[in-house]
Structure formats: C-alpha cells, structure tokens
Amino acid sequence: MDLFLQQVFNGIMLGSTYAIVALGLTLVFGILNIPNFAHGHLYMLGAYICFTLMTRLEVGFWTALIVSTLALGVIGVVVERLVYRPLKDQPHINSFISAIGALMILENGVMAIWGPQGQRIPNPYPEPLEILGIVMTQQRLLLIGVTVTLILLLQLFIKKTTLGSTIEAVAQDSEGAALVGINVNRVSSLTFAISTAMAATAACMIAPIFIITPSMGALLGMKAFIICILGGLGSIPGAIVGGVILGLMEALGGGYISAAYKDVYAFGALILILAVKPTGLFGRKEA
Amino acid sequence: MKGKWFVLGCWTALLVLLTGAWTNGAAAPAQEVVIGYTAPLSGPAAEYGQDCVNGVEMAINEINKAGGITVKGKKYVFRLEKLDDRIDPTQAVNNARRFRDQFKAPAIFNPVFNTIAPMMQINQEKGNEFIMMAYTSTPKVTAMKNKLLVAIPPNFEIYVQAFSDLAWGWGARKAAMVVTLGAYGDEWRAAFKKYWEKKGGTITADKPANYYTETDFSAPLTAALATKPDVLLIGGPSAPTALVIEQARGLGYKGGFILIDQAKVDYIAHILKGMKLMDDVIGVSAIANVPVPAAQSFDKKYTATYKRMNTWEAALHYTAMYALAKAMEAAGTVSDVYAIRAAFPKAFPLLGDKFPTEMFGISEAGRIHLAASVQTVKDGKYDKNDMYVWWVKSEKEVEQIKKIGKTNVPLKFMKPVE
Chain A
1 MDLFLQQVFN GIMLGSTYAI VALGLTLVFG ILNIPNFAHG HLYMLGAYIC
51 FTLMTRLEVG FWTALIVSTL ALGVIGVVVE RLVYRPLKDQ PHINSFISAI
101 GALMILENGV MAIWGPQGQR IPNPYPEPLE ILGIVMTQQR LLLIGVTVTL
151 ILLLQLFIKK TTLGSTIEAV AQDSEGAALV GINVNRVSSL TFAISTAMAA
201 TAACMIAPIF IITPSMGALL GMKAFIICIL GGLGSIPGAI VGGVILGLME
251 ALGGGYISAA YKDVYAFGAL ILILAVKPTG LFGRKEA
Chain B
288 MKGKWFVLGC WTALLVLLTG AWTNGAAAPA QEVVIGYTAP LSGPAAEYGQ
338 DCVNGVEMAI NEINKAGGIT VKGKKYVFRL EKLDDRIDPT QAVNNARRFR
388 DQFKAPAIFN PVFNTIAPMM QINQEKGNEF IMMAYTSTPK VTAMKNKLLV
438 AIPPNFEIYV QAFSDLAWGW GARKAAMVVT LGAYGDEWRA AFKKYWEKKG
488 GTITADKPAN YYTETDFSAP LTAALATKPD VLLIGGPSAP TALVIEQARG
538 LGYKGGFILI DQAKVDYIAH ILKGMKLMDD VIGVSAIANV PVPAAQSFDK
588 KYTATYKRMN TWEAALHYTA MYALAKAMEA AGTVSDVYAI RAAFPKAFPL
638 LGDKFPTEMF GISEAGRIHL AASVQTVKDG KYDKNDMYVW WVKSEKEVEQ
688 IKKIGKTNVP LKFMKPVE
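Protein chains in written order, with my numbering: chain A, 1 to 287; chain B, 288 to 705.
No wet-lab data here; the hints were simulated from the structure. Here a beta-carbon is modelled for each residue, glycine too, at the ideal position from N, C-alpha and C. Hints should not be assumed to be uniformly reliable.
With beta-carbon atoms standing in for the labels, derived distance ranges [to be verified]: (1) A:V59 x B:E686: 51 to 61 Å; (2) B:K633 x A:Y125: 51 to 61 Å; (3) A:I105 x B:A591: 28 to 38 Å.
Take these sequences, add in the hints, and give me the full structure.
See the structure below:
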C-alpha cells in the first residue's frame, strides 16, 4: 500500500508540472488555433534564467523564480509578435514552420550561451518529510502546492475578471469578440505572456529537483502536446486532467511494469485515446 | 562598378582559400601524422566526448612542443582531427573512412562502444587498416578478436568483483539494481547479478531506467527501495547518477550505493555540491586521489589549460596517446599499423612519475594493463583507495610490478573471475 501511495505521489508531482505546461499550450491554441511548438523550449529558457540568477547573481530562490516568470512573460509577448502575429492570416503551415525555427533558435542559443552540459540549481528545500508512510522532499511538495495555486488563480482570472474573460471570448469566437470591441491582438499578447510565464514558474520549481539541459524542453513540449490532445485541444480542464493522468501513468507504469518503456505509456495512451475518442477527453465536436 | 569589385574580391578570397587548403594538404604527409577522433561532440553526451578528446589533445600538444617523435631518424609531429558522430554508428564509420582516406590516419580514438563495434568491422579492411583506440570497459570488445585493437580502461568485470567484495564486507546481502538501459548497462547488471548470487547474496529488484533521457527516477527507485535492499547498484553517465543518489536519499534510503564504472565519484560530488548524500558509496576512484606522483601535477595542468574538471577520461586518453606515440617509435614506422600494434608492448611501462595513470603493458587481445582503482566514501569523506592488479597469475608477479611502479599505496592482487 505504501508503495502504491508513494508512486501516486510521484505521479502527481510529475503530473502537476505536465499540467501547467500543457495548460499554457492549450490556452495559446485556443487563441491562435495552432499549437505553440516552441512552448517546451520557452520552459527550458525559464529554467536557465533561474539558474543564472541563482548561481551567477546569487539571488534567493523565490526572487529568481519571480524574475524568471516575469522575464518569460515578456519574452512570450515578443515571441508572439515576431513569430506568430505576422503569419496570422497565412495558412497554418507557415506558423508551424516559424515555430520550429523559433525552437531551434532557442535551443541552440541556450547551448551557445550556457553550453551543452547539464547544469544544476542548488535545491533550496532538500530535506525529506514523511507523511502517512510516504517519503517526499519539501521541494516536491512545494512544487505541487505552487502548481495547484497557479491553476486555481488562472481559473479565477479567466472566470471572474473582465480581462480574463476576454481570453475566453476570443477563444470561443475571435471575430465575434472583435465585433464587440475586444482588441484581439492585445488578448493574443496577454495569453502568450500568461502561458510562457506559467511555464517558467513550473521550470523554476522543477529545476532544483532535476538537471537542466538545452534539450529538456523538447521532450516536455512533446508531452504537453500529447496531454492537450488527450484532454481535448483548447480545453483547460482537459489539460489539467490529462497532465495528471500522464504523470500517474508514467509513475505507476515505471514502478510496476518497467521504466524502460516510460515514453511508450504516453505515446500509447495518445494512440488509444485518438482511436476511441478523436476529440480527446474534454474536446468539443467541431461544428 | 561597386558590384564588380565585390565579385572580384569574392573570387580572390576563394582562390586564397583554395590554394591555402591545397598547400596544407600537400605539406601534411611529409612529417605530420594525423590522429583521428570520433565521438559525440554535440547532444547530451557532448561533455563526455569533450573530456576524452582534451586528454588526447593535451598529449599531442606536449609531444609536438617537445619536438615530436623520432622514427628511424626522422622527426614527426602529430595533428588531431576530430569529428562528431552523435553516437550514430553510420556516422562513426563514415568519420573513420574520412580519417583514413583524407588524412591516412594510422589510429582513431573513440570512447563509445556502440560506435566502436561497427568501426571494428572495417578497421582490418585491406589497404584501409587503422588502429582502434577504444575507450570502453566492456569485455565484448576484446572478445571480438580484432588484431588492431587497443582497449584503454580495465575490463569492468574487475570492478564487479572488487565492488561486490567490498559491499559484502560491509555486511550487505540484499542488493537492488537501478542501472542505465542499453547494452553496456545490461551487461553490467548481468555480470553483477551473476557474481552477487554466486557469493550467496540476493537481488531483490531489477528496475533499469534510461539515464540518457530521464531526470526523474522516483518510479523505479520507489519500487526498488520497497524491497528494502542493503545496497543499491546504480549508474550511467555521472550527472543523472548524481540525481539518482539524491532522489534515493529523498525517498528515505539510508543504505549504500555501488556505482558502475561509467559513473565517477568525483564528478557526482561536484554535481551534488559536496559529499553529504554520498555516505557508503563504492565506485571508481576520484581521479585527483589516484596515488601516483604525476596525478596531482596533471590535475593542475589540465584544469589550468581547459578550465574544467579533470576526469578519468582525460587522464587515460592522455596516457594512451603517449603509449601510441611510443609504440610508433618502437615500431620504426608511422604508417604500418600492424607493426605499430605489435610494438605496443614495448611502449610500456608508462609510470606514475610522468603519467597520471600507470600503464604496465597490454594483453594479446589488446587490453591495456592498468590497475583498477576503487574508492569508497565513508562519513562524507573519501575513504579507502585500493589499486587492484588483475592481469597477473600470482602474488609474486604483483611484487615485481610494485618494484617498478610509482604508486604510493600497496597494489593488491586480484584473481580474475571466469
């Protein structure tokens, strides 16, 4: 039983990171109707900014986290302006290509500045805790706490504020939103800022547990994409549930079957879901 | 008018480049010997590839600075050519062919068995022979019966035996394994399981994980630790191995670790920023602790030159490059690869007064005689550092090696397992 609970905890920790990255991806998809393939790489950049702040400038963990989150918010806006907006009225394939260009620039740029080797952020809260027979480090527990808080805040923002509801309005019908006087371009920038800032927070939270490398974003970006399809592209609850499901699958599959096939579970689930329910778990039917 | 000048400038530049390349090419065979190096120089294993090539490069620079080598009264200097193969076997073979065709390289270094194996399929082709300078500890490499092989590090079965005996001495009986996936990790697990069970121990869990792509090892670790092992066999590249140690401690594990020989104790301590989590670790010795006089000076020289941590990879490649140079001198040729390979025994011993790692000879199959050095960590400090002589038949022969060697800890005799 302890073993099962421990694996579930591991899964929830992984899943909450996945969820928050997928959430950003799904938000942007809602607005632009294309997946931001560079999302995972922006997540990676967030981790590197945090790393530089902590090791070179020796600021505290939380300061680094906040600065990195804000910085990525700004970078998100810039990416939207440069990479996606000029191609807004072009066929989608152009945006795809542009996105792939952006991710290559990000990965190679980071490699040129920080080098190809893995880097380590000192863990601010490494002490293990034991709760109900489950052993965890404080950092892992904090990670879950922070991601859950972020998800709740995002929900409140979208549902309870006027600014937030413009995002939903544009996602539902961008022409209609423009007709009632919503500045679609501004909403688009705002969405990008929120999406990349959240990815940066997740990256900063997880970086002290793992190692950061220039290639860390590629696999995560791919997984976030799977989660979005799993949960239904553009669906916010879909991204959250999909993220947690994927995390649990990897932890339980890795623990009980074999960690050798960890990525098989994610991609296998993708094929299965698409075969059974092509719109994803929470996806709407196209009208 | 402006355009015309620009075009003219371009042509001139091209011409200069071409003639430059041409004179270089023509001058090369006269007294320059090219040494090839193919390895991952980009991607996740780039760091490893860089450590290895730095060692070769440092040796070459030193040899050249001292005037090169003298072969039959003629002076030769070395030039290093390196190409990235991203651990892709096809690319490695292409690189090897290029070293042969373009530069007539008599020897090629490679530090990854996955790409060494296919290169050993072509290194005995008539007219295109080259010496395979293989940095790999797998016993499979010598089993291939290649006549042009030089395998640099000790066979890892020596470490299986030494590490297991040490852990056994600490009272460990139940062992669990969370080792990296891939051919090398699989062989290690199999060899360890065989030896451990022969001693009477049990393997309580075998949960391999991909150290090359993963950073979260909680799932296999949780499953392995649930079986309450006394000791955990882990390892793959050093950086993820450090994470495994940290995560196992984070899951409340208090027992010991055995590190497979790819993972290096000192590198892990560097990543974990100290040895607090590394109590009861058994692994390959920290390179800075290797008890030969030249180890410390090499360490200083290396870190000053490359501004990065000294590693076994660098030190062993450095010494191996010297061995190659000496074999050429002894053979009296820089191009007859069979003669050079045959002269290798005459290149040794390379001793600790000048070299960071002592090499005493080479086996017929091509494995360099290098003592296996084993390190333990106790109470957050480097503890014992044992050197095992594994290539001789009796204690008496160890005494002879002790007489010529410069190691300042006693060399121990180890009878290799069958």
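Legend entry - 51 to 61 Å as the expected CB spacing between Y125 of chain A and K633 of chain B, which holds or is violated: 59 Å, holds
Inset, instruction - Using the beta carbons of I105 of chain A and A591 of chain B, state whether their distance is inside 28 to 38 Å or not. - result: The hint (28 to 38 Å, Cβ to Cβ) holds, given that I105 of chain A and A591 of chain B are roughly 35 Å apart.
Inset, instruction - Note whether the CB distance of V59 of chain A and E686 of chain B lies within 51 to 61 Å or breaks it. - result: At roughly 59 Å between Cβ atoms, E686 of chain B and V59 of chain A fall inside 51 to 61 Å, so the hint holds.
Violation of the numbered hints given earlier is absent; every hint is satisfied by the structure.
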